[in-house]
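Residue numbers (the numbering used here), protein chains in the order written: chain W, 1 to 1168; chain P, 1 to 150.
If you're looking for bench data, these hints aren't it; they were derived computationally from the structure.
Incorrect hints may appear among the rest.
Here are some chain P residues the structure puts well away from chain W; computed CB gaps all over 10 Å [what the hints assert, rightly or not]:
hint : residue
1    : Ile-61
2    : Asp-66
3    : Phe-68
4    : Phe-97
5    : Thr-108
6    : Ile-135
7    : Phe-144
In the EDC-like style, the derived pairs of lysine to aspartate or glutamate whose C-alpha atoms are separated by at most 20 Å in a straight line are [stated by the list, open to error]:
hint : chain 1 : residue 1 : chain 2 : residue 2
8    : W       : Lys-167   : W       : Glu-178
9    : W       : Lys-648   : P       : Asp-110
10   : W       : Lys-590   : P       : Asp-105
11   : W       : Lys-564   : P       : Glu-115
12   : P       : Lys-142   : P       : Glu-64
13   : P       : Lys-85    : W       : Asp-573
14   : W       : Lys-930   : W       : Glu-958
15   : W       : Lys-180   : W       : Glu-289
16   : W       : Lys-961   : P       : Glu-134
17   : P       : Lys-85    : W       : Asp-567
18   : W       : Lys-648   : W       : Glu-619
19   : W       : Lys-945   : P       : Asp-105
20   : P       : Lys-85    : W       : Glu-568
21   : W       : Lys-590   : P       : Glu-64
22   : W       : Lys-648   : P       : Asp-66
23   : W       : Lys-1042  : P       : Glu-64
24   : W       : Lys-648   : P       : Glu-65
25   : W       : Lys-150   : W       : Asp-183
Far from chain P by the CB rule (all over 12 Å, computed), these chain W residues [what the hints assert, rightly or not]:
hint : residue
26   : Asp-29
27   : Glu-289
28   : Arg-369
29   : Asn-440
30   : Ser-444
31   : Gln-561
32   : Val-596
33   : Ile-635
34   : Lys-885
35   : Phe-914
36   : Ile-952
37   : Leu-972
38   : Gln-973
39   : Ala-990
40   : Ser-1097
For glycine and all other residues, C-beta sits at the position ideal for the given N, C-alpha and C.
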Amino acid sequence: MPAGFRQRLYNSKEFNPKKVFQDLQAYRDFNEMQAVANYVANPNNPFHRFMFGITFARAYNELCTYRSFVLTDSLQKELDWMSLSLVRYAKEISQFVKQANAFQKTFLLGSYQQASEILETIISEFGFSLWSLEKTFLLAEYAHGLERNKKELTNIIGDEKNDELLKFIAEYISLRCESKMSDENYRIRLSRGIDFDDDFFVLVNYLRYRLEQIGMDLTSVATHITYFEGSTPIIDRYLTFITILQSCAIADQEYSEIAKNVVVRLDGLIEDLRIDSLLQLFIPDREFECNTLAVNMIEVLDNYTNGYYEISAEMASQILTDNPESYEFYYIYIRSLAHIGKAFNQFFPEDSVAASILEHSNVIIRGKRLYNRSFNYLSKLSTSLWRDPLAYGLFDFYVEEALPSQEKRIHKLMLLNAHFLNPRFAIIYEDKNNADKFLNQLSSQVGEGSTLSLMRAITASSHKFDDVQLPEEIPEARRQIYLAEIYEKKGRFQSAISVLQPLLIDIMEDKLPGGFYSCERVAGALFRCYLERKQLAECTDMVVSSFLQNDLLTKKLPLIQLVKSIDETGPIDVMRKISYPILYSIVHTKPREVYVAYDNFLNSMGLSRPTQLFDMADEFSPSDLQEFLLKVCTIDVLSCSYHFNGTKDLETERIRICQFLSEKDQTRLKIYSDEISSITSRSLIREGMRQIEVSKIHVDEKGIRTTGRKLLEESFARYRELASMSSIKNMRVLNQESLYLYIITRDGKVIKAPISTTELKDPVFEKQIVHNALFINFRELFMDVRDRFISSGEHGLDGYLSVRIRHGVLQNQIRSTFEALHLISEKDTTTEEYLINPYWDTRLEDVSVENRAAIQEQLANFSRDVDALAQRLNKELIQVKTEKKNTDGLFDYSFSTIELYQIFVDEFLQITDFDQFMDCLFGVLWTRLKINLENIQNYISVELKNTIYESISQLEREIRKIVSQFQAAELLQNIARCQTNLQYSMDSVAQWFTISGSSIVPQFTLENLVSICIESINNIYPHKKIYPENYFSSEEVIIDGKFFAPFFDILRTIMDNAITHSGLPPEKIKAQIIVQVIDNRLTMQIKNSLEKQVRESDPIANLKTTHSLIETAEVTGGIAKEGRSGLMKVRKLMAIDLQRKDSSLDFFYDNEENFVVKLSMEIEELCI
Amino acid sequence: MKILIIEDDSNKMQRISNEIREIKTDALITEARSYQSGMQLLMSVKFDFLLLDMSLPIFDISPEEDGFRVDPFSGRNILGEMFRKDVIVPTVVITMFETFGDGSDLMTLDELDKELSENYSSIYKGVIYYNSSEINWKESLKTFMEKMND
């Protein structure tokens, strides 16, 4: 033991060996560390663990517990310290590596029983480790499935002796091994799991390494990793050590030197190809000996290079059968077959991991359609296996194939983990001389084969004008590719382009072999060379033509670089090309960015709309024009142009494009017809919505005239009879309300004059008013028709107001504006209290509890104001006012005696014909309705809008008093937005109060009706959207547009009930709409699930009690009563508005206890 | 002085117009209520000053037109188009919002102001934060218009 160390250990005031060893690790030189390590090397030495930690764990509870080592910031010291343990246990590590490789092989081949036995042996010989934990989960998942994986996890987590860190790590390793968990999902979960405070950055770095690492640059966090790894067994520390060394070896000179200094200590001690690869990297002329495997491998490669693909495929499959961990041979096997156009042959055991790797690699290399699924599989598998060398092969392949930028680092990592006795290892050397040294060594062992010569050419001097010597044996197409790539490397881009341009055409046209992979490689090289030479127009054309040949060909190209170059320079020659906007549609997802290219291109042609290109179609290749029209001229891109005058214009343009494409391209007919159908349907829904919005006011004049004709005619006859008996000359009447005297002048005008109280009592006046029988008779007749006009359950105004406006619609329309922006809170109807608004409760997490409560209070106050206003609108304002009721009603149908008398004198006195009389009377009522509607619109647009506006402003002011703008940015943004939205919403409500004219929807199908209704309901309830399953089991029935409104009202009323009365939150409402037309009868069943308590209250029994009182013929009696289910109104709508003579409404529970409303009616005269 | 206001909120439009008339009695004000109608006017008429809202529908909303969609960055798109098409009209953004967009597109008014200043310095003159219950916006508007006269 070194004297200084002994001094510190024994002669200090207190005996604290741990502290002394930590001092040794952190501050002493390597020689002293080494001397101490030799001294305490025996496991029985009492100080052994302070130097070597827990080397072999007897149980999982010994993992992650013993933290004796100190955290330093010196990577050199950390690696020095670690290397001493590894040297001490080199023999055991070598044995472990051998057995771990055997485990990997058997696992990949699906021999899970054998793999399990090997794992047990490893655990019995080397103890428990994080490595064994990973493999236990992996084996459980792949051999037995998820349940076994989780059972193994439970064993770890359930054992309270296990360290918490171990449990945490175990949970994520188990997750990582789940075969159905995608890599992306795993990484998201892990990110959430390790989202600790910044103070824990050392731990987070370690966990990221342990649980996420593959290809991560560890140089800056290596000391954090070694600190925590100090508490793991020797085999885990060894694997971490290798990973850190590899990361350092391919980093900058400083780290590379550290790695070199450390790894040479293990030369000849540990038998592991990874150590040999590192040594070979650092010492290129290090002597090595090629084993049989290496010789066979090189032979396969030579056959492949020389174009003997049958042989190379056969040999690769033989090597893979014994070495399924060598990813390079999966590649050679598939590529060989691709060159000779032979089908892929699965030679691995069915369902084995190796079989899956081969299958997914084949999909990617051959550019097959499901490549995304294959990418996901390989990427995830590389994460699950990352402790194994194969993982790096998979990951490198994934990065190379799936990501547009080339990752040299990852490729080098792969080389360090693969078999180094392979000519391609030469690529790892930055220096050509080092590559030559390595290749010379290899050549001296196996001879100078064509692969070796090819590698010499590739790694040769990058001097621009050096000749390129490639082995003659290489098949022509591949030779050309290599040649071009070498030109590119030398910076001779024009030479490369002159090789690549014809090559790409020949391969695409199958004149040269190579298939997808060669095509992709040539396109990649050509792309880079064009960019280097700023040949942007050629580059754009090449990208687009490759894309149109096979979109996968461009998936690896960094297209954004090309787009950036075009954006920066704005070259005119590019803008004139149709490929230019197509390129942008490939690269960009946002319509605005595609639009710029679209607009530049059309401008360069002197055009403003894409349909103008139809006459010039011959100037473009059909595939380019079709792609441009289909993918570039989408409705969203067109909407960025200012050459269209509205949505309809926009949709018409797109429909014309689809029609043109249908004629020109029969192969994608379905795509075009589906889009036309979708646009048409969207347009119809919009029209339907518009009709609903503008046609809520209706009075069925024809119905009133028809149903009341007999009685009215009788009254009119009596009126006429009285008219012949009485004179109205000198008649004077009194306006009792305002104490004015009205006098009829000689020329028939009514004028008003002040009246004294004495005069008022004059019996003459009384007599003149009361006893004018003709006027009294007229008034009775007038009021009779008026009452029918406003409150006839079948035909009158109030019935429509009730169904179309007051039945939740108005209140919800007002609320919906605020609900969409989360500004309104829900009310507990039992306590009348407003509940906490959950959206802001979570969104305002940074606001203090007190301030959050204050904001909630303001939101509750605001909600209360809005609801009170909506209630008043419903109950008091959107009501019909007469002389006796609803004094605040905005539909003012009260007529004073004097007013009526003036009308009588002006318009009716001379009428003798009943129909003329009725025309005149309805004229008065319609005129009054128009005045009422104007007043209501004015009220909504001004008074109501201002009232709500004031409430919003009040809310904003109060919120600003509580928190700053930055604390509640979203809330204040929503308040601002709702001010504009409110105007549209109120304008929309105002539009309801217009008299419905002819139908905007000329005709509709029942499917249209259901879509429009769902859209409308979901607009009204933005946070309670429902998505019923719809079934239409009949042929398409086209219904006359005049029935649209009543059908809509029926369906909306029933669906509204489902949302408001089911007792379930919207996401739990299961709704179904079944429409059938059988034997000329239309049946509609609307089903919805019910909350348990609601079901127990038996709503159907209650409904049946109410409805049994009313037969279909009497249906209108109950309509005006508000606050009910609305099903009475549905009956009325069927019987009256749809004029169904044989309609029925039933409700019941189905077998699954769903509430079902069933409508049935004859279909005659509904259809066109 | 020919002034174009592109604004879809009728109350705000009214108040801005009134304020401009207070500041400059001879102002000839033209109103547009959407991205499309605003762009069409900018491409066909030469204006001296543009007051631009940020969040606008694509088309003018009416009983027959639902506006297609409301884009929270329509104003920015208009500036982009003006810049691209060389339509040089001094422009001030007037907005009720302090933040724009959502998710990864979310940006504050200050960030937007900075971005617009950097990208469209030849036309973009600044931003006014409009709040109907405050009067500060009137002062800002006056300042911008006075600068225009200079």
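### Query
Against the structure shown, which of the earlier numbered hints fail to hold, in ascending order?
Those not satisfied are hints 1, 2, 3, 4, 5, 9, 12, 14, 15, 18, 19, 21, 32, 33, 36, 37, 38 and 39.
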